[in-house]
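As given, the protein sequences belong to chains A and B, one line each in that order. Residues 1 to 295 (this note's numbering) are what the first sequence spells out, left to right. Residues 1001 to 1336 (this note's numbering) are what the second sequence spells out, left to right.
Derived from the structure by calculation, the hints contain no laboratory data. Predicted model only: the values in this text are computed from it and were never measured. Any given hint could be a false lead.
What the hints assert, rightly or not - Covered by chain A, per the in silico footprint, the following chain B stretches (three or more residues, Cβ under 8 Å):
| no. | stretch |
| --- | --- |
| 1 | 1198-1206 |
| 2 | 1213-1223 |
Unchecked claim - FRET-style restraints, in silico, Cβ to Cβ:
| no. | chain 1 | residue 1 | chain 2 | residue 2 | range |
| --- | --- | --- | --- | --- | --- |
| 3 | B | 1107 | A | 283 | 32 to 42 Å |
| 4 | A | 56 | B | 1195 | 36 to 46 Å |
| 5 | A | 221 | B | 1119 | 54 to 64 Å |
| 6 | B | 1160 | A | 57 | 50 to 60 Å |
| 7 | A | 268 | B | 1289 | 52 to 62 Å |
| 8 | A | 291 | B | 1112 | 49 to 59 Å |
| 9 | B | 1022 | A | 59 | 55 to 65 Å |
| 10 | A | 57 | B | 1147 | 49 to 59 Å |
| 11 | B | 1023 | A | 59 | 20 to 30 Å |
| 12 | A | 82 | B | 1195 | 47 to 57 Å |
We put the CB at the ideal spot given by N, CA and C, even for glycine.
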Amino acid sequence: MTAQDTQEATGQKSPDQKAPDQKATGPEATAGEASVGGATAGKVPMVVAQRVRKRFGQLEVLRGIDLEVGRGEVVVLLGPSGSGKSTFLRCINHLEQIDAGSIHVEGRLIGFRRSGGHVHHLRPREVTRQRRDIGMVFQHFNLFPHQTVLENVIEAPVGVLGLSKAKARKTAMELLTRVGLADKAASYPRQLSGGQQQRVAIARALAMRPKLMLFDEPTSALDPELVGEVLATMRDLARDGLTMLVVTHEIGFAKEVADRVVFMDDGQVLETGTPREVLDSPANPRTRAFLSRFL
Amino acid sequence: MATTQPPATRDDAGKAGPTPGAVPDVDVAGASPVRHPLRWLAVLLLAVLGAQLVHFLITNPHFEWGTVGDYFGAQIIGQGIATTVELTAIAMLIGIAGGVLVAVGRMSENRVLSTVCGAYVWFFRGIPVLVQLVFWYNLSALLPRISFGVPFGPEFISGHTNTLITPWLAAILGLGLNEAAYMAEIVRGGLLGVDQGQTEAAAALGMGRARILRRVILPQAMRFIVPPTGSQVINMLKATSLVSVLALADLLYTVQSIYNRTFETIPLLIVACLWYLVMTSVLYVGQSFIERYYARGATRQAPQGFWNFALFRRRPDASSPSPSTSADSPLSKEET
Chain A
1 MTAQDTQEAT GQKSPDQKAP DQKATGPEAT AGEASVGGAT AGKVPMVVAQ RVRKRFGQLE
61 VLRGIDLEVG RGEVVVLLGP SGSGKSTFLR CINHLEQIDA GSIHVEGRLI GFRRSGGHVH
121 HLRPREVTRQ RRDIGMVFQH FNLFPHQTVL ENVIEAPVGV LGLSKAKARK TAMELLTRVG
181 LADKAASYPR QLSGGQQQRV AIARALAMRP KLMLFDEPTS ALDPELVGEV LATMRDLARD
241 GLTMLVVTHE IGFAKEVADR VVFMDDGQVL ETGTPREVLD SPANPRTRAF LSRFL
Chain B
1001 MATTQPPATR DDAGKAGPTP GAVPDVDVAG ASPVRHPLRW LAVLLLAVLG AQLVHFLITN
1061 PHFEWGTVGD YFGAQIIGQG IATTVELTAI AMLIGIAGGV LVAVGRMSEN RVLSTVCGAY
1121 VWFFRGIPVL VQLVFWYNLS ALLPRISFGV PFGPEFISGH TNTLITPWLA AILGLGLNEA
1181 AYMAEIVRGG LLGVDQGQTE AAAALGMGRA RILRRVILPQ AMRFIVPPTG SQVINMLKAT
1241 SLVSVLALAD LLYTVQSIYN RTFETIPLLI VACLWYLVMT SVLYVGQSFI ERYYARGATR
1301 QAPQGFWNFA LFRRRPDASS PSPSTSADSP LSKEET
């Protein structure tokens, strides 16, 4: 977490450079931080999404999403399938390109660059660079099947960050120990259960020392009895202060771990607040209808 | 259970075992197998035909087995084989390297590049190899001189086409460029066979496009690429015999030039057939080994031991589901 602290310090110095962006997000930023508490006051939030729009052909999947995630905050995105939660998550690390609005991570505009009052697309290489600090965990794990568990975890640290294999291996073993799979280091992903694969996928993402972790329905492809082990790992990360944005249908997890719950439907944010506010006494009728299915 | 009064007709309802007498008591252990009398008839027929073939091979004097034996190990035949192997290897290398480039180009987001690569495949797959070979060989009739330099400007290097494009180079160009078109389609199919989630996961880790291709996609695509490439190599080995029309001394041209002199046509063609069979058999075995290498991680089974593989033993129960959740599965300890 020391790396994060230094990053926060540099983030603080950059306002002059990011001044135009700050001006636009100013009022919302204060509002967002108020809900998180004083801890992040005065710092650039981890994620700021403004009026994000995205369409796939005729279908508009995101219809003006405004969302903010503070440092160290755990935000759970809830909503019926097809509501745009996953798409929004994939826009944050530019796996999907947004059509309108903007997304900033640590004050950096994602996928685009401003110069002279004009916005330009970033080159693929620059987008790749931006993704390093954003970890992502997928519904279907997407481990590299031709590599062992250990090779999966060290692939990016060695290939992208340029760490020595010995050093990467040491960190990888620490992370695998943390997710309880050190004894599986030499196994291939297909020899593991779904829950074990997902925990390896979490370790693989953590190996890049991300400042933000995106979880895209991490337990949806798992057998019910394997969900718990993955949620326990995620709970552990949240306790350590990792900033997490989680798309899930696990209401219990949201209640227990989330700092804030965001309810989305039909490409819009309908309701946002503490788990108690949104889950126990939802204001919006659609949120109420959605939650009633989980009783 | 004990307190409930069971219906009168089913006094043992609630017991786990079957009702005695409801079905006959049968045990299928030790059942006789189904008989296949027609199979025995077929074996008999084939045995007769086989005996006839052997008789024909031994008694027909035109085979001249002695001559076959004399030439089989002859040095000049060895030189022809060397040329055939060399042409196969170089043309295949050009084909594979070119194929990967063209396949990646075809899948590029760059429209100009993908169109050019598509046109390449269309052109070279659309013309018979023999025609391409003869065309390269006769290039001098179209282009007497070849020069490299600034377009419409000064020349740096130039020379007569006939000295630049030797029969050997014509053969390499004809076979290699044609092969690249086929390999491009094979490689493209392999790349498309890898799950899109792999690219996304790698991109999310901050890997660049080239690295994703090299470290994540290609190694997995190899499982789909190797088997058809193996048959391409075997095809190429046989296709090199076409270069005999360019008077290039490959295996076929060598035996032809001998029997044109000695009129021992059949024995020499048999020598060629035997050597082609030997070479393709070696390639077949080599291909199996490469396939096994790229299959690692593809199944839940631990990699098969060498001798099991070499002796073509089947994996025990390859189709049965493995206990994926058991923490102490022996699989995780066996693999290397």
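Hint by hint, here is what the structure shows:
Judged by the Cβ-Cβ criterion of 8 Å, the stretch 1198-1206 of chain B is covered by chain A as claimed, because 8 of its residues qualify and three suffice. Coverage of the stretch 1213-1223 of chain B by chain A holds. Counting CB-CB distances below 8 Å, 4 residues qualify, and the rule asks for three or more. Checked against the hint of 32 to 42 Å, the pair residue 1107(B) and residue 283(A) fails, with Cβ atoms roughly 49 Å apart. A beta carbon spacing of about 20 Å between residue 56(A) and residue 1195(B) contradicts the range 36 to 46 Å that was offered as a hint.
Look at residue 221(A) against residue 1119(B): about 42 Å separates their beta carbons, and that is not inside 54 to 64 Å. Taking 50 to 60 Å as the suggested C-beta distance range, the pair residue 1160(B) and residue 57(A) conforms, at roughly 58 Å. The hinted range of 52 to 62 Å is satisfied by residue 268(A) and residue 1289(B), whose Cβ atoms lie roughly 57 Å apart. A C-beta distance of roughly 52 Å is found between residue 291(A) and residue 1112(B), which places it inside the suggested range of 49 to 59 Å.
At about 59 Å, the beta-carbon gap between residue 1022(B) and residue 59(A) stays in the expected band of 55 to 65 Å. Between residue 57(A) and residue 1147(B) the beta carbon distance is about 51 Å. The supplied range of 49 to 59 Å therefore holds. Distance hint check: the CB atoms of residue 1023(B) and residue 59(A) are about 58 Å apart, inconsistent with the given range 20 to 30 Å. Our hint of 47 to 57 Å for residue 82(A) and residue 1195(B) is violated, since their Cβ atoms are close to 22 Å apart.
Hint check: violations occur at hints 3, 4, 5, 11 and 12; the rest are consistent with the structure.
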